[in-house]
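Protein chains: 6
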Amino acid sequence: MIHITRREHFNAAHRLFRPDFSDDKNLEVFGKCSNPNWHGHNYTLYVTVKGEINPETGFLVNLKDLSRIIRDRVIEPLDHRNINLEVDFMAGKLASTENLAKAIWEQLEFPVQSIGAELHCVKLLETENNIVEYFG
Amino acid sequence: MIHITRREHFNAAHRLFRPDFSDDKNLEVFGKCSNPNWHGHNYTLYVTVKGEINPETGFLVNLKDLSRIIRDRVIEPLDHRNINLEVDFMAGKLASTENLAKAIWEQLEFPVQSIGAELHCVKLLETENNIVEYFG
Amino acid sequence: MIHITRREHFNAAHRLFRPDFSDDKNLEVFGKCSNPNWHGHNYTLYVTVKGEINPETGFLVNLKDLSRIIRDRVIEPLDHRNINLEVDFMAGKLASTENLAKAIWEQLEFPVQSIGAELHCVKLLETENNIVEYFG
Amino acid sequence: MIHITRREHFNAAHRLFRPDFSDDKNLEVFGKCSNPNWHGHNYTLYVTVKGEINPETGFLVNLKDLSRIIRDRVIEPLDHRNINLEVDFMAGKLASTENLAKAIWEQLEFPVQSIGAELHCVKLLETENNIVEYFG
Amino acid sequence: MIHITRREHFNAAHRLFRPDFSDDKNLEVFGKCSNPNWHGHNYTLYVTVKGEINPETGFLVNLKDLSRIIRDRVIEPLDHRNINLEVDFMAGKLASTENLAKAIWEQLEFPVQSIGAELHCVKLLETENNIVEYFG
Amino acid sequence: MIHITRREHFNAAHRLFRPDFSDDKNLEVFGKCSNPNWHGHNYTLYVTVKGEINPETGFLVNLKDLSRIIRDRVIEPLDHRNINLEVDFMAGKLASTENLAKAIWEQLEFPVQSIGAELHCVKLLETENNIVEYFG
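Chains as they are written, first to last, in our numbering: chain A, 30 to 165; chain P, 30 to 165; chain E, 30 to 165; chain X, 30 to 165; chain Z, 30 to 165; chain F, 30 to 165.
These aren't lab readings, by the way, just hints derived from the structure by calculation. Among these hints, one or two may not hold up.
Because identical chains cannot be distinguished in the list, a pair is counted as satisfied if it fits within a single copy or across any two copies.
With a straight-line cut-off of 27 Å between C-alpha atoms, the simulated DSSO-like cross-links for lysine-lysine are [as the list claims (entries may be wrong)]:
no. : residue 1 : residue 2
1   : Lys54     : Lys152
2   : Lys61     : Lys93
3   : Lys79     : Lys61
4   : Lys152    : Lys61
5   : Lys79     : Lys131
6   : Lys79     : Lys54
7   : Lys54     : Lys131
8   : Lys131    : Lys152
9   : Lys93     : Lys79
10  : Lys152    : Lys122
11  : Lys93     : Lys122
12  : Lys54     : Lys93
13  : Lys54     : Lys122
14  : Lys93     : Lys152
15  : Lys122    : Lys61
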């Protein structure tokens, strides 16, 4: 069993808030991340898959295939987007890094199986200081 | 003469567009950066000042003073903000990294003199791949 | 279950030595790290906690709370300090990165529970080349 | 139980191809990595070992010993070499990052035991975007 | 006047040697970099251009245009190539980082003018430790 | 004319204080950096030299020679040392990053000439946030 990880990037706007909270309550719970005019990040994403090395290629998976899946399923819908308003798989969810990592997992789990690997970890950095990992 | 540089960070939302352009024209000129729903970045800022070493302290300037000026004049107004909507010193300007670096220079030039140094360079990274430097 | 990690920094002096060893013996075992006049490092600390996402906030824990605990219990006592002489929770211990990571774990284990999470890993970088992880 | 990791670097040339494939087939499977004139990388290697802290030294292992083993068994044979042509422990293997990580594990497993630790992970970065981990 | 920098990457094989030197002489002058079986690097390239901000766009140049020029003129010919054997603009030159930086300058100087900027600096990292800058 | 930069590292302890100041005055001016029990840093040093490319080698200087000079004149005296107590070329000087960068310049200026280059810049990072450059 081997693990292989692909790093990708996307830039997006978001806001942490609950529509059923007042502005003051949102500010109290979510701090400046609740700014109604949005803020944003350069997100860094590490997707780790696991499985056996294919003896014919020496690869677990062809990284071009893994990269294409991540682009189609995650980067394309998120990059230069507003996570709260424009990302189908985040609709109705709080746009926290935790929820985003989990949603990215759901976007990738089955497509990764289709190229012969198992999704192991989605690691998402909102900044270099704040890092979420989801293992399914 | 010595140069000293302080690194700081801020996260913000922005959009590249001209109100006098149609949406199609904005998309043509500014690409996905013109998304009307905003996107954002983790900006990294390097502020370099120059001058003589003070023989009493061994410092060009006390970095606490420089850091305080950068916080008050740049980070506080920009961090977790929408650059187009909420930042006084960017009002009416295209929110490009070039214009932002120049506006940060203007925010810092005189306050830096008040602590006995001369502003040398504002270096602003929108991402690790896109970097602007302004020398006044 | 989700994992969230907060990165923090501190700068400190230390020395690797045993008072019951001669200077020569200390030099033999600990090399230049045994210098009686101390040396120091910019330590980087990654604290990982785990638990369930709170559906009300989308957070595992509020990172402000986690960051405050790390500041109070770890950074404040260590930053700009001499690890051998000034840090209560390292008193009487060899100031190795291994022992320091373990002591940081002990500083954090219960406070992290008080904010509703479980401590998962303390990762401590003495330099980019030397990294210790402790999982309890 | 504690984990300690040592980072090392090496620069090498390689090529991904199978001698029983035609050039066209190699290009189809391995892309530009199959270039018959080679290409190369700055590889970054993280070797993680685990075990108990030695109460006499505060160390899991003396990092000088671990570093020497990695130098002798891995860096010396690989650095500034052609992985396909000149590295005994890669002879007859596809020079993929997966196979290289596994071969490095085999180079290190027993020597690491000889200094009183257990090999836990070999993590190999071909680039910052492509990362392989092998846990034995 | 403003400076804008674009970072790009390429991976390549090379060898430092003179065909008119004996193998021993090449080894003496160029060390392990003269290995006849090649070695390679992940090169990082920073291209800095300068000029006036275009008031219509807020840009010095459209980074898509700059990036396209760098891709066509530098990355495409170098990436996954053997610098000694396959790169027209390095033919007959010693494949040192110095010569490569200078040759990249010559590849970029006029195309950069065609998008309305002036080339200011080519900065080329062979590794994080070895960095060349050429200013024309 | 070409510029070439070599990166090196050293770890050291220091303290910012004046013996003619009271402890309170030192604390007021130098903050926690004046801690009488020392603290320390992982310093990163970039040494840039300039000159013409030697057509026989393609090098400005042989980086092995530059690296040896930096090791002998700077890293060896500073690494794992107390800058205030043990470093001849810092004797009697305030151990600020500014003074250290200037003293490193003086250690390197003439030796760099002896290998046929001119010293251009000493860049010293106390942390990733605090950076000093000295150009002579």
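Verification of the hints:
Taking the shortest alpha-carbon separations for Lys54 and Lys152, neither the intra-copy value of 30 Å nor the inter-copy value of 35 Å comes in at or below 27 Å. Taking the closest pair of Cα atoms, Lys61 and Lys93 come within 27 Å of each other only across two copies (11 Å); inside a single copy the shortest separation is 39 Å, beyond that limit. Taking identical chains as interchangeable, the C-alpha atoms of Lys79 and Lys61 lie at most 27 Å apart only when they sit on different chains, with a minimum of 24 Å there against 38 Å within one chain. In this homomeric assembly, Lys152 and Lys61 come within 27 Å of each other (Cα to Cα) both inside a single copy, at 24 Å, and across copies, at 25 Å.
When the C-alpha separation of Lys79 and Lys131 is checked against a cutoff of 27 Å, the pair qualifies both within a copy, at 18 Å, and between copies, at 14 Å. Within a single copy, Lys79 and Lys54 get their C-alpha atoms only as close as 43 Å, which misses the 27 Å cut-off; across copies the closest is 26 Å, which meets it. Within a single copy, Lys54 and Lys131 get their C-alpha atoms as close as 25 Å, which meets the 27 Å cut-off; across copies the closest is 36 Å, which misses it. When the C-alpha separation of Lys131 and Lys152 is checked against a cutoff of 27 Å, the pair qualifies both within a copy, at 10 Å, and between copies, at 23 Å.
For the identical chains of this complex, Lys93 and Lys79 are intra-copy neighbours only, at 16 Å inside a copy versus 32 Å across copies, given an alpha-carbon limit of 27 Å. Taking the shortest Cα distances, Lys152 and Lys122 sit within 27 Å of each other inside one copy (19 Å), while across copies they are farther apart (31 Å). For the identical chains of this complex, Lys93 and Lys122 are inter-copy neighbours only, at 21 Å across copies versus 31 Å inside a copy, given an alpha-carbon limit of 27 Å. For the identical chains of this complex, Lys54 and Lys93 are inter-copy neighbours only, at 16 Å across copies versus 45 Å inside a copy, given an alpha-carbon limit of 27 Å.
Taking the shortest alpha-carbon separations for Lys54 and Lys122, only the intra-copy value of 18 Å comes in at or below 27 Å, while the best inter-copy value is 33 Å. Taking the shortest Cα distances, Lys93 and Lys152 sit within 27 Å of each other both inside one copy (19 Å) and across copies (20 Å). Taking CA atoms no more than 27 Å apart as the test, Lys122 paired with Lys61 passes in both settings, with 19 Å inside one copy and 24 Å between copies.
In this structure, the one hint that does not hold is number 1.
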